[in-house]
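Here the protein sequences line up with chains A and B, keeping their order.
Be aware that the first sequence starts at 237, since it is given in my numbering, and climbs by one per residue.
Be aware that the second sequence starts at 22, since it is given in my numbering, and climbs by one per residue.
A portion of the hints provided could be inaccurate.
[To be verified] Here are some chain A residues the structure puts well away from chain B; computed CB gaps all over 12 Å:
hint: 1; residue: MET237
hint: 2; residue: MET256
hint: 3; residue: LEU290
[Said to hold, decoys possible] Beta-carbon label-pair distances, calculated as ranges:
hint: 4; chain 1: A; residue 1: LYS261; chain 2: B; residue 2: LEU77; range: 29 to 37 Å
hint: 5; chain 1: B; residue 1: ALA169; chain 2: A; residue 2: PHE260; range: 40 to 48 Å
hint: 6; chain 1: A; residue 1: PHE283; chain 2: B; residue 2: ILE166; range: 27 to 35 Å
[To be verified] Facing chain B, a subset of chain A residues (Cβ under 8 Å, in silico):
hint: 7; residue: ASN274
hint: 8; residue: TYR284
hint: 9; residue: LEU286
hint: 10; residue: THR337
hint: 11; residue: LEU341
In short, the hints are calculated from the structure, not lab data.
Values in this document were obtained by computation on a predicted structure and should not be read as measured data.
Note that CB positions come from ideal geometry on N, CA and C, so glycine has one too.
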Amino acid sequence: MELLVTKVVGWTLILISVFMILRFKSLRKSMREGMKSNRQTFFMFGFYELILGLLIVTSYNVWEVSYRLIITLIGWGAIVEGIMLIAFPKTWLAKVVNWSTRGSLFMIWALVGLILGAYLLVQTGSMF
Amino acid sequence: MGFRQTKKSYPRFLIFLNSVKIYNEIDMESSIFLAKVMGWYLVITSVVLLLRYKTLRREINVFIKGQNAIMIFFFGAFTSIIGLLVVLNHNIWTNDYRVIITIMGWLALIKGVAYLAFPWGWFVGIVNWANKHWWYVIWAIIGFIVGAYVLNQAAPFF
Numbered sequence: 237m238e239l240l241v242t243k244v245v246g247w248t249l250i251l252i253s254v255f256m257i258l259r260f261k262s263l264r265k266s267m268r269e270g271m272k273s274n275r276q277t278f279f280m281f282g283f284y285e286l287i288l289g290l291l292i293v294t295s296y297n298v299w300e301v302s303y304r305l306i307i308t309l310i311g312w313g314a315i316v317e318g319i320m321l322i323a324f325p326k327t328w329l330a331k332v333v334n335w336s337t338r339g340s341l342f343m344i345w346a347l348v349g350l351i352l353g354a355y356l357l358v359q360t361g362s363m364f
Numbered sequence: 022m023g024f025r026q027t028k029k030s031y032p033r034f035l036i037f038l039n040s041v042k043i044y045n046e047i048d049m050e051s052s053i054f055l056a057k058v059m060g061w062y063l064v065i066t067s068v069v070l071l072l073r074y075k076t077l078r079r080e081i082n083v084f085i086k087g088q089n090a091i092m093i094f095f096f097g098a099f100t101s102i103i104g105l106l107v108v109l110n111h112n113i114w115t116n117d118y119r120v121i122i123t124i125m126g127w128l129a130l131i132k133g134v135a136y137l138a139f140p141w142g143w144f145v146g147i148v149n150w151a152n153k154h155w156w157y158v159i160w161a162i163i164g165f166i167v168g169a170y171v172l173n174q175a176a177p178f179f
């Protein structure tokens, strides 16, 4: 189970980071426009993200200083982000989205995700 | 999850080559679980498709005109997570019902990556091509048959 969680989180981080870099402009534009006109999409996404975060945290809540901490933190981050997407009013959420989709910050998160994903996959020993 | 290194002579990154053989012997439990989930999913969605394809078709047309591109990114992320969960847990290539689960996992992964990668224009083209009523009926029938077959093979009495 631990190995499976590590592999899935690692591959997911790599996939999403790669497409964040490749489709940077389009993703940023559609996130900002979507925030203006489609609040309900973010609301729905918040529920999914909350479920995924709760799944990770309930099955894998390891607090020790090694690669396992990354997965625990990602799970807690998903819970916090899910609650934010569900609970925040539109104006707050628009501020968060505008702040976090600035070019430099967006690229930094994508690179961090790529490095963390690759690190997790190296830790599992076999990537597939 | 069943990754046991039996021969040290393999390079570590090629371990998936012998994991296929090991899976066939020990890992029936996850096959049966995934077969139940996917079989019921296929049966339920096929019936819903057959009953409500007109509404679904209309709603998809509305969605395509609405320029709600961020929805596609979200669906892409979640579909690829589901695909990765199935593929990394269950990558069995045999000639019985288990290979259907593997193929469905790979299809989910490919679809998720396509959602993440394709520009909105391509997506509109694909949906306009696929959004025909006979297409829905054909896929619903295929899905029902495959789902019922998988369920019957894996768990005849649930």
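Status of the hint placing LEU286 of chain A at chain B (closest C-beta pair under 8 Å): With a minimum Cβ separation of about 13 Å from chain B (threshold 8 Å), the hint on LEU286 of chain A is violated.
Please confirm whether MET256 of chain A is truly not at the interface, meaning its C-beta sits more than 12 Å away from all C-beta atoms of chain B.
At roughly 9 Å from the nearest Cβ of chain B, MET256 of chain A sits no farther out than 12 Å, so the non-interface label is violated.
Less than 8 Å between beta-carbons is the criterion; does LEU341 of chain A satisfy it with respect to chain B? violated (17 Å)
#### Entry: Hint check: 8 Å Cβ-Cβ cutoff, TYR284 of chain A to chain B
For TYR284 of chain A, the interface hint holds, since the closest Cβ of chain B sits about 6 Å away, which is under 8 Å.
Holds or violated: is the Cβ of MET237 of chain A farther than 12 Å from all Cβ atoms of chain B? violated (7 Å)
In terms of Cβ atoms, is chain B entirely out of 12 Å range of LEU290 of chain A? Holds, because the least Cβ-Cβ distance between LEU290 of chain A and chain B comes to about 14 Å, which exceeds 12 Å.
> Regarding the hint that THR337 of chain A lies at the interface with chain B, is the smallest CB-CB distance below 8 Å?
Replying inline: Violated, about 11 Å.
| query | Under the criterion of a CB-CB separation shorter than 8 Å, is ASN274 of chain A in contact with chain B as hinted? | reply | holds (5 Å)
Between the beta carbons of LYS261 of chain A and LEU77 of chain B, is the distance compatible with 29 to 37 Å? At roughly 32 Å between Cβ atoms, LEU77 of chain B and LYS261 of chain A fall inside 29 to 37 Å, so the hint holds.
Verify the CB-CB distance for ALA169 of chain B and PHE260 of chain A against the hinted window 40 to 48 Å. Given range 40 to 48 Å: holds, Cβ gap about 44 Å.
Holds or violated: the 27 to 35 Å window for the beta-carbon distance between PHE283 of chain A and ILE166 of chain B?
holds (32 Å)
The structure fails hints 1, 2, 9, 10 and 11 (numbered hints given earlier, in ascending order).
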